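Make the full structure from the sequences, and use the hints.
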Amino acid sequence: MLIYTVKRFGMALLVMLAVSVVTFTLLRLSGDPAAAMAGESATAEDIEYVRKHYGFDRPLAVQYWDWGANALRGDFGVSIYLKQPVAQIILDKAPVTMKLGGIALTFALVLSIPLGVLAAMRPNTLTDRTALTIAVIGQAFPSFFFALILIYLFGVALRWLPITGTDTWLHYVMPAVTLGYYATPAIMRLTRAGMIEVLGSDYIRTARAKGMLPGIVLFKHALRNAIIPVVSLSAVQLGFMLGGSIVIETIFSMHGIGRLAWQSIQRSDFEMMQAIVLTIACFYIVLTFLADVLNAFLDPKIRVH
Amino acid sequence: MAINRPFNRLPTASEILEPSPAALMRRRAFSHYGFIFGGGFLLFIVVIALAAPLIATHDPYDQNLAQRLIPPVWQEKGSWEYPLGTDGYGRGYLSRTIYGAQVSLLIGLTVMLISGVIGTAMGVVAGYFGGRVDMIITFIITTRLAMPAILVALAVVALIGSSMTVVIWVLGLLIWDRFAVVMRSTTQQIRNLDYIAAAEAAGCSTLRILLTEILPNVFNALIVVATLEIAHAVLLEAALSFLGLGVQPPTPSWGLMISEGKGHMFFKPWLIAIPGVSLFVMILCINLMGDGIRDVTAPENRN
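If you read the protein sequences in the order shown, they are chains E and H. The numbers in the first sequence follow the working numbering, run straight up by one, and end at 305. The numbers in the second sequence follow the working numbering, run straight up by one, and end at 303.
Incorrect hints may appear among the rest.
Stated by the list, open to error - To spell it out: a stretch of chain H is covered by chain E in this simulated footprint if at least three of its residues, at any positions, have a beta carbon under 8 Å from a beta carbon of chain E; those stretches are:
id	segment
1	72-84
2	197-211
3	234-242
4	287-293
If you are wondering where the hints come from, they were derived from the structure by calculation, not from laboratory data. This one's a predicted model, so the numbers in the text were calculated from it and none came from an experiment. Cβ coordinates follow ideal geometry from the N, Cα and C atoms, glycine included.
Listed below in structure tokens is the structure:
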């Protein structure tokens, strides 16, 4: 168990390093940080001056090394636009996105796990087909369109929920639903498949034969075993949600990392873009690492390979 | 054999022999409701998109400021001249929707091809060679999975400058991960089968084995993933266009139409409803068709 954890941790670090290299290279190759910093009305001489002054004319590898050395010390550079340390800005905005992701995932789990269990208890019946249809329809809606529909229905027509900002928990409802419903089909299908498999196994039959109440059989035995792959999938989906929050946060004007990313992209704020991609990748890597370790803990067969 | 034999005449060959695998598959395909509905409607959409110049009543780029924001024909002020109404510049919405289908399908297919080639090559090579090659390729896939695709796509397109070509290449070079993962596991499943060993023993070159033995046998899984990735590409392009970093105006893209219409959304909901529903229908059909192909060719992968 310990060796497995250490190996996975080492892998996680390597992936993080690779992500930072790829992102850095991609950004620097796509655009010119000197031009971005110099501004729109800069002349060619101004841009050259900025380039020399900030060292953008050095080879990419040297620039990356510099960035990396600073990053390890927690200094992710200064935002070109906001003139403040990038790390501080991200830390300020992170809680909003974390809250959004957490609520969205909770919504997804609360919706999809019962649906999946219900569908598994009556496979190939109307209940099952309805649940699968909900899943298929859910995957076909573009998230921004769904968000606009929700805004129109609940924000304007019915006036039940507030649309922009993050002042109260009610402000999180529509964004979380929009973000979370996209993960619902995958989690529902996985729960359903896992439950169908587990419900057909011998130990469940034994439990029923012993006369255990169906409710206890379902929750204490079946669901517990079927839920293991769902844990991994939830971690992965949470990672995707953090990445997908850029669209949702922009539509609902929430001041989280997603909207910050969008603003940085519009302003060509290189340091910020690099740091945000790395932050989100870091969350994804940590989440999948934790999911792997939890999986190995729950299911010893995984540790062997 | 449980085949009904005619009692009053000699049976014909097709009544004695078991149906061929191709015939069985055809039977399964045409009795699968999702496949029929999804594939059929998608065919309808493709035909409309191809026949756009013949069907569209107006030029989708033709601005007519006197005719702005006319509602669709089923509302009070609508007329049959602009059956789906007009947008903020007076362009006919029916024509823009039809031409938008062209854009979506074009982008979906090209991105699928690019990412398919990259992902399949990586997956098959990783699955076939195993060992160190597999480790390296898996590392590359994991790295790509850790990066938030839409963020990176937005950043790169914003820096390079957005156009249809840039969008297609950036998306194509970014979303090959599903192809790679599925192709890798499918190749691993057939890697150790006898006919591969036989081909190696007969002295076939590696390239030949990959092309003539492995590819045809992973083809079923490939088609399923390819179909689902078309839908993925269409969704991503719509999101990019919605944020203003995809296809540039005045090209009609459904995501762009939603973005342009959202300012008028509260009093003129058709401006976002029509492209939104079009996107929904297209993605639904593609997903249904993909699920249908998977159920028909490899029902054991259904879950």
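Hints, verified against the model:
Against chain E, the segment 72-84 of chain H contributes 0 residues with a C-beta closer than 8 Å to a partner C-beta. That does not satisfy the three-residue criterion, and the hint is violated. Interface restraint, the segment 197-211 of chain H with chain E: violated (0 residues with C-beta to C-beta distance below 8 Å; minimum three). Given as covered by chain E, the segment 234-242 of chain H passes the check, having 4 residues with a CB less than 8 Å from a CB of that chain where 3 are the minimum. A stretch counts as covered by a chain when three or more of its residues have a beta carbon under 8 Å from one of that chain; for the segment 287-293 of chain H and chain E the count is 3, and the coverage holds.
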